[in-house]
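Chain order of the listed sequences is A and B.
Counted the way the numbering used here counts, the first sequence spans residues 1 to 227.
Counted the way the numbering used here counts, the second sequence spans residues 1001 to 1220.
What the hints contain is simulated information worked out from the structure, not anything from laboratory work.
Fair warning: there could be bad hints in the mix.
[Unchecked claim] Computed spacing ranges between beta-carbons, pair by pair:
hint, chain 1, residue 1, chain 2, residue 2, range
1, B, Arg-1147, A, Tyr-119, 55 to 65 Å
2, A, Ala-188, B, Ala-1059, 42 to 52 Å
3, A, Leu-131, B, Gly-1057, 27 to 37 Å
4, B, Ala-1031, A, Leu-222, 53 to 63 Å
5, B, Ala-1059, A, Asn-13, 57 to 67 Å
6, B, Ala-1043, A, Ala-217, 53 to 63 Å
7, A, Ala-129, B, Ile-1140, 53 to 63 Å
8, A, Pro-51, B, Met-1177, 44 to 54 Å
[Stated by the list, open to error] Among chain B residues calculated to face chain A with C-beta under 7 Å, some are:
hint, residue
9, Ile-1078
10, Pro-1081
11, Ser-1082
12, Cys-1088
13, Leu-1089
14, His-1195
15, Leu-1197
16, Lys-1201
Idealized CB from N, CA, C, for every residue including glycine.
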Amino acid sequence: MEQFKSLLGGDANRIAASLSPPKVRSFAQYCVIILIGSGLYGSTLGLWRAPLQSLYTAIKFPLLIFLTCAGNGAVNGMLAQLLGSGLSFKQTALAIFMSFAIAATILGGFAPITVFVWYNAPTLQSRNAILGHSMMLLTHVFAIALAGVTANRWLLSLLREMSGRASTARTVLFSWLAGNLFLGAQLAWNLRPFIGSPRLAVQFLRDDPLHGNFYEAVWRALRHLLF
Amino acid sequence: MTTAKSPVLVIEALLKYPGRVIHELEHNWRAALAGSLLIFALAGMAAYGILVGSFSGGAQLWMAPVKLALGTLLSMLICLPSLYIFACLSGVEARWRTVTGVLFAAVGLSALLLIGFAPVAWIFSQSTDSVAFMAALHLIFWAIGIRFGLRLVEAMGRLLSGSTRKHLKLWGLIFVMVCLQMATTLRPIVGRSEHFLPSEKKFFLAHWIETTCGTNQQKK
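Work out the full structure, taking the sequences as your base and the hints as a guide.
Structure representation (structure tokens):
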């Protein structure tokens, strides 16, 4: 519990000390926090569409985090060393897990609020179903953005502590963020649906999860909008 | 405030020495103190609810107090996990039970202020038929009360971490939104009601617009 509090409190000295040397126990603790926090929150993401979608999203949300960490693990470790942060591969992985654990904790804390929003959102069967979908979407965008910003601020202070230089910390964080957002967006696309569209069936994955990509879809949407 | 035996002492401490309440909850925590703060918060809200219900009379005399007390309790339960997490994010060295107690104290303080405003609200409730006006008046009184309550939460940040952080202010905003939505979920609290709960789900802004435009106004 004390470690959990110092993690949330952003006690960079203490967290930096826990990274040297990185312990398997810390990895396990962060994994459990991510599983519980993001799983709980994920269940509220899919709740509006259907109870089954809620179960699927509770599984997929932590999966998205773990897949993003695994996919970028090597390149994040390399970038951390190339940019002079002084972090090893294990320390890089642990630091990134820590930031996801913070985000997952915040999201878990938001779960009762998002359940309340779901209770108040117009149902799928009502004539205001689109309004309900928008309400849920905006609430989740707010919650996820808040959790993400907070977690990355903590990561930045940890990097400052570890590297001793603010500019290095910013560069390393930016490079990690760029990689994680790039891969994370694509993985989220592959693992869709999370909230579930009112017009489409409840599914664990869409029929063609690997067909197309996030960036093509954004490009198509922009073309529709502009031309 | 060595014991929580006298409600007068608790009220006095809430008004004059809120820091002492926080200190007691952190360093000398007793279930009796936290319990009395919760009971005080709920009873205060229910008492103000009787006044709110007196505007329409009839079934609203019991429905409004029940809804206000129930809504307050549910709002606290919904927001308690995020308050604890936000307190930790602010660097507050507090335990779960301290944070819970401070939340009860904050809502208790706002209930106390509402009771203070009750005579003013009653005068207006007897001299107008406008649901929109009365709803707005209750909302203003509630906003003043909750502002002081949230100051207590921020004081917890200052006393237990040495500074007031943005996280607790942001949490305050979330709590206010949850309370406003709760009032919409349990509507109508002001005005006549056929059923205990409405069948239609509504976002609080949409409900307010309808109320101020007079599409759902009914005193009796």
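So the hint says 55 to 65 Å: do the beta-carbon atoms of Arg-1147 of chain B and Tyr-119 of chain A match that?
Distance hint for Arg-1147 of chain B, Tyr-119 of chain A is violated at roughly 27 Å.
Per-residue hint verdict: Ser-1082 of chain B, partner chain A, C-beta under 7 Å:
holds, 4 Å
How does the Cβ-Cβ distance of Pro-51 of chain A and Met-1177 of chain B compare with 44 to 54 Å: does it lie in that range?
violated, 26 Å
Was the hint right that Ile-1078 of chain B lines chain A, CB cutoff 7 Å?
Nearest chain A Cβ about 4 Å off; hint holds.
Verify the CB-CB distance for Leu-131 of chain A and Gly-1057 of chain B against the hinted window 27 to 37 Å.
holds, 35 Å
If you check the beta carbons of Ala-1059 of chain B and Asn-13 of chain A, does the distance land in 57 to 67 Å?
holds, 60 Å
Quick check on the hint: Leu-1089 of chain B CB to chain A CB, less than 7 Å?
holds, 5 Å
So, as I understand it, the hint says Lys-1201 of chain B touches chain A; can you test that by seeing if any CB pair is closer than 7 Å?
Given a least distance of 5 Å, the restraint on Lys-1201 of chain B holds.
Given Cys-1088 of chain B was flagged as interface, is its beta-carbon under 7 Å from a beta-carbon of chain A?
Result: holds, 4 Å to nearest chain A Cβ.
Once the shortest beta carbon distance from His-1195 of chain B to chain A is found, is it less than 7 Å?
violated, 17 Å
Could you see if the CB distance from Ala-129 of chain A to Ile-1140 of chain B stays within 53 to 63 Å?
Since the Cβ atoms of Ala-129 of chain A and Ile-1140 of chain B sit about 35 Å apart, the hinted range of 53 to 63 Å is violated.
Does the hinted range 53 to 63 Å hold for Ala-1031 of chain B and Leu-222 of chain A at CB?
Holds: the Cβ-Cβ distance is about 59 Å, inside 53 to 63 Å.
In this structure, the earlier hints numbered 1, 7, 8, 14 and 15 are contradicted, and the remaining ones agree with it.
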